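2 protein chains.
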Amino acid sequence: MIVVKVGGSEGIDYDAFCADIAQLVKAGKQLIVVHGGSSQTNAVAEALGHPPQFVTSPSGYTSRLTDRKTLEIFEMVYCGKMNKMIVEKLQALGVNAVGLSGIDGGLWRGKRKSAIRVVENGRKRIIRNNFTGKVEAVNTDLLTMLLEGGYVPVLTPPAISYENEAINVDGDRAAGATAIALKANTLVILSNVPGVLKNFPDEESLITDVPSSQIDHVSEHYAEGRMRIKLLGSKEAIEGGVGRVILGDARQADCVSTALAGKGTTIS
Amino acid sequence: MIVVKVGGSEGIDYDAFCADIAQLVKAGKQLIVVHGGSSQTNAVAEALGHPPQFVTSPSGYTSRLTDRKTLEIFEMVYCGKMNKMIVEKLQALGVNAVGLSGIDGGLWRGKRKSAIRVVENGRKRIIRNNFTGKVEAVNTDLLTMLLEGGYVPVLTPPAISYENEAINVDGDRAAGATAIALKANTLVILSNVPGVLKNFPDEESLITDVPSSQIDHVSEHYAEGRMRIKLLGSKEAIEGGVGRVILGDARQADCVSTALAGKGTTIS
Chain D
777 MIVVKVGGSE GIDYDAFCAD IAQLVKAGKQ LIVVHGGSSQ TNAVAEALGH PPQFVTSPSG
837 YTSRLTDRKT LEIFEMVYCG KMNKMIVEKL QALGVNAVGL SGIDGGLWRG KRKSAIRVVE
897 NGRKRIIRNN FTGKVEAVNT DLLTMLLEGG YVPVLTPPAI SYENEAINVD GDRAAGATAI
957 ALKANTLVIL SNVPGVLKNF PDEESLITDV PSSQIDHVSE HYAEGRMRIK LLGSKEAIEG
1017 GVGRVILGDA RQADCVSTAL AGKGTTIS
Chain G
777 MIVVKVGGSE GIDYDAFCAD IAQLVKAGKQ LIVVHGGSSQ TNAVAEALGH PPQFVTSPSG
837 YTSRLTDRKT LEIFEMVYCG KMNKMIVEKL QALGVNAVGL SGIDGGLWRG KRKSAIRVVE
897 NGRKRIIRNN FTGKVEAVNT DLLTMLLEGG YVPVLTPPAI SYENEAINVD GDRAAGATAI
957 ALKANTLVIL SNVPGVLKNF PDEESLITDV PSSQIDHVSE HYAEGRMRIK LLGSKEAIEG
1017 GVGRVILGDA RQADCVSTAL AGKGTTIS
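These protein sequence lines map, in sequence, to chains D and G.
For the first sequence, the working numbering begins at 777 and goes up steadily by one.
For the second sequence, the working numbering begins at 777 and goes up steadily by one.
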């Protein structure tokens, strides 16, 4: 079992991604796809007059500020535009994909963090009415049923809280939680960079291997922005029993196979 | 088995609708929900600077002109905003809903009509690059698997063509095709009117019963706008073996139960 997360940043080639997924499915690999949609969400939110806002936690992680209106835009783009685009492309390639959000069937369940601590201009403050959280339980019955039926699940945030509210969750960490719950041996996380870079944005400075004991060190000294959350998701996945995590580049042909062959940053 | 279609026009009370669905599910009814989203799609399309356009066929049916950009907006609203809103509400009511579009798992398959004949100012012309069609086959295996797993499927257009393109299909007729394929005994179609009105929009002029032999007559003489397509979907459902179709009012509490009790226009 392989869980493949593909990001939602600019520069990602979804045609190439889906073509590679189709090749792997035809070769008999059992796969689950998880995707993002941040760049498109920003564009649609701007166009709808509700521009995106991002906040930074005291520990340095950046996330989307998600009020209820943002959550609805988020759902439109992640569950509507991105999810159905990927499912349509996979169907055209002969893959019987089924797109689900974390709300559907209570697939991704977790605690809502309605109040979050953020740092703004060096000062800490609390923001309320926030619809974010973290995936803590995965409905593996639903995923197993679909896999056994010959379907390839294509999963997207949001998740659902214990109080049954839709919550924005980080896709990389949700993919990690899914890999753990399904006892996947490999988690591939693809984005628009080649992996962890020692001197960001110098793509020649790729760190090819990170032993799990070194994840925190690498995150603190080398990772920038979104890469820190990818490393956090990788750490959670490894600690949860996933054999290896590969952070690879989604801007190229055969991006999944290439990552599975070890190109990128391998964490084990 | 009951298939319940709820429209997407203004005035529909989705909280009441979902509460009634939850009551029926708890009472042991096996249900499939199909929904629309036209009013919200119009609003989002306007806001995104790609205003909706409607065309009328030579036989007098009105439909949304669906170029690829419209299709993407359509997916955002139907599959993202509306579908996840309904699934979230049902989850909060203890119903384990799973939202799917007709693309997912090839659920609703049909022929794309890329060129359509329309009437404009009394003149006929052909419009091309249109992404619409009609559901001709339903993946009952996927629906049966979900139902047997204890899930309530919540279905939405678009469907998928034989060439694997997403296509805008009429939700009422798609609900009818689903009812036929699942050998449902009842199809309920709820909208923002009480049923077929003899003197539209006089709600006191409700036609309570239409024998199947009279559908064409009623459609021709009394039905306005969208109601003509609902009657067409009803006719297809009855001809396909569905026991009865009820056209009811979604603007009230207990809207599904009330329709099942015979309030509205019953076609059999």
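Calculated from the structure, these hints are not laboratory results.
Treat the numbers as computed from the prediction; the structure is a model and nothing was measured.
Treat the hints with care, since some could be wrong.
Each pair may be met inside one copy or between any two copies, as identical chains are not told apart.
In silico BS3-like links for lysine-lysine, alpha-carbon gap of 30 Å or less [as the list claims (entries may be wrong)]:
1) K857 - K889
2) K900 - K865
3) K1039 - K887
4) K865 - K845
5) K802 - K974
6) K974 - K887
7) K865 - K805
8) K900 - K857
9) K889 - K805
10) K889 - K974
11) K802 - K959
12) K1039 - K845
13) K845 - K959
14) K845 - K805
15) K887 - K865
16) K805 - K900
17) K1011 - K887
18) K887 - K857
19) K865 - K974
20) K900 - K959
Under the constraints set out in the numbered hints, which ones does this structure not fulfil? As far as the earlier hints go, 2, 3, 5, 6, 8, 9, 10, 12, 13, 14, 16, 19, 20 are violated by this structure, in ascending order.
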